[in-house]
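Participant: Input sequences plus hints: build the corresponding full structure.
So the chains spell out like this:
Protein chains: 2
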Amino acid sequence: MQMLSKKAACDSHGQDSSYFLGWQEYEKNPYHEVQNPNGIIQMGLAENQVGKLSGILFFVLAIRTISYSDSSCSFPLILLNAESWLADNPDVLGLKRDGKSVFKELALFQDYRGMPTFKNLVLVAGSTSANESLMFCLAEPGEAFLLPTPYYPGSNDFKITGRALEDAYEQAKKLNLNVKGVLVTNPSNPLGTTMDRDELNLLIDFAITKKIHIVSDEIYSGTVFDSTSFLSIIEAVTDRNIDDTHELWNRIHMVYSLSKDLGLPGFRVGMIYSNDETVVAAATKMSSFGLVSSQTQFLLTNMLSDKKFTSKYIEENRKRLKSRKEMLVSGLSGAGIE
Amino acid sequence: MQMLSKKAACDSHGQDSSYFLGWQEYEKNPYHEVQNPNGIIQMGLAENQVGKLSGILFFVLAIRTISYSDSSCSFPLILLNAESWLADNPDVLGLKRDGKSVFKELALFQDYRGMPTFKNLVLVAGSTSANESLMFCLAEPGEAFLLPTPYYPGSNDFKITGRALEDAYEQAKKLNLNVKGVLVTNPSNPLGTTMDRDELNLLIDFAITKKIHIVSDEIYSGTVFDSTSFLSIIEAVTDRNIDDTHELWNRIHMVYSLSKDLGLPGFRVGMIYSNDETVVAAATKMSSFGLVSSQTQFLLTNMLSDKKFTSKYIEENRKRLKSRKEMLVSGLSGAGIE
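Protein chains in written order, with this note's numbering: chain U, 98 to 435; chain C, 98 to 435.
Careful: at least some of the hints might be erroneous.
Since the list gives no way to pick out one identical chain from another, each pair is judged satisfied if it fits inside one copy or across any two copies.
Said to hold, decoys possible - Pairs of lysine to aspartate or glutamate, EDC-like flavour, derived with a Cα cap of 20 Å:
(1) 256 x 295
(2) 103 x 374
(3) 271 x 240
(4) 103 x 240
(5) 104 x 374
(6) 405 x 188
None of these hints come from the bench; they were simulated from the model.
Facilitator: The structure is reproduced here in structure tokens:
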């Protein structure tokens with residue numbers, strides 16, 4: 098008898114993939130402009146490091162490198178803003194409401210029953226957990242979701258076509274796989290490129306024809322800075338005037354988290370948005386396997402319900418991302434890389 | 098084609114069980130000594146509500162009821178102690194180290210790689226998550242773990258016997274189930290009763306003979322107050338002088354959490370202890386699906402590394418639980434219930 102499960106015994110986590118090998122190399126020998134100018138630069142990392150722009154990201158137009166400086170200078174914007182916001186609102190970190198401690202209330206609070214006010218939303222400990230729970234709701238082991246490739250880290254010049262979708266679907270069928278849906282990341286992680294309306298419409302038509310789900314991971318939706326082109330899958334379906342009783346609505350699911358747009362991966366806050374009541378009910382029950390710390394919920398509900406803070410943040414974040422991108426492009430271009 | 102998975106579509110969460118129905122009834126009509134003396138009393142709840150003893154738990158030796166008072170008086174001990182500890186250590190809630198903010202560091206910290214210093218330990222978002230990950234590591238869908246019944250809420254006069262174990266094993270085999278292990282909760286949740294050395298030895302012999310795992314959920318191990326009888330499965334195996342190269346060691350796994358002993362269910366901190374390196378490695382990777390908030394890790398590592406605080410807490414907790422139990426027993430006895 099096999100003592101452990103195949104999951105535990107196999108090596109499908111991808112820790113031997115070039116992505117993780119790159120990480121290991123970077124950690125052994127990280128680039129530093131002065132102390133280690135020949136070190137490795139981590140370019141495959143999706144992390145919100147926007148802040149203190151002047152002096153953070155610059156280009157050493159020399160031998161082999163684009164650098165970002167010593168990480169002690171690098172400072173995600175949300176964190177800069179958040180720290181000053183927290184200084185103005187000391188009760189929030191102190192776990193107080195109107196000056197009185199809510200420590201007890203928070204310590205005992207378990208969010209097993211979901212949020213009655215937001216009937217489409219399920220809170221979980223990060224988008225990894227959100228994606229896992231959604232998959233448990235939508236598919237049996239051995240069923241398939243189509244994923245556009247290359248994905249992470251991917252290529253900039255990449256569009257979903259009807260042909261590619263059909264080919265992938267046929268290929269899955271040849272492998273005797275029951276295709277349950279398509280999973281897209283829009284905007285792309287980590288590239289930030291967005292799917293245009295034509296692509297989204299292709300997806301929608303495909304999901305209608307094949308009677309399958311669309312899972313749209315929109316974890317970077319607040320970070321789009323270059324254009325007004327970002328369109329959520331929900332908007333795209335709405336704009337098609339698809340009747341709200343159409344069964345497609347129940348097959349559209351969205352994943353979001355505060356790790357990327359807000360730069361808070363350590364706090365583990367992810368969510369599922371779905372129109373399917375059964376999915377929401379099941380995912381809410383499953384959320385026991387990865388609830389968000391009540392301490393963190395208290396901090397973030399207070400911080401994010403301050404609209405002045407959030408709108409200032411979103412605006413500033415986009416501005417800085419844009420400048421960063423321009424700096425990177427011009428640096429690369431100066432080094433002869435287009 | 099079935100659009101949702103069987104997991105999502107079925108109703109195996111037990112929300113229709115008498116346990117959850119009892120909860121619903123309690124929530125619709127909760128007992129209050131003055132405002133609702135004929136209301137329902139929730140007796141099936143495993144929650145650390147020890148604190149402000151005098152005046153909290155008392156017995157209305159009348160019509161139908163044992164009551165605990167208005168929940169605003171009830172106050173888990175850890176929280177009382179914790180609040181005064183936090184008042185003495187303001188930097189901890191304020192996310193500061195030596196007066197300097199560590200907000201940024203925490204916000205970006207993701208604990209994907211586990212704890213190199215504690216090679217047997219995996220941290221996850223609560224013991225629910227710990228049990229799930231362990232099961233994913235130890236069994237395939239369709240394989241079986243034996244569970245002593247009645248379990249939750251169970252009976253006081255309950256012992257594991259060799260006969261019961263053999264019977265359950267044979268019954269599983271007749272159902273064509275591959276038995277991978279036994280799962281016990283010791284001390285019992287929510288009764289607090291402990292397994293004695295004979296029971297643990299029976300379990301150990303059974304696991305050796307059948308070559309199966311033992312998963313011991315010891316979430317209440319810090320709450321035992323009545324005797325010195327609590328013995329962890331790890332101690333029981335150690336006391337048998339089983340050679341540390343014996344394969345049994347790799348099949349002993351423990352689950353713990355801070356929800357019960359420390360009364361912090363809202364903070365979602367659970368853990369797996371295992372001697373099997375492959376299980377630890379796999380569970381560490383799986384922990385991405387339910388990591389502990391870094392904000393909460395910072396608070397608790399500071400609080401729990403204060404040994405004066407923790408030892409005072411454990412002692413005081415036991416003392417109060419014991420008084421509470423004596424009060425309950427004498428109240429029930431006065432009402433004619435033995």
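Participant: Hints the structure violates: just list their numbers, smallest first.
Facilitator: none
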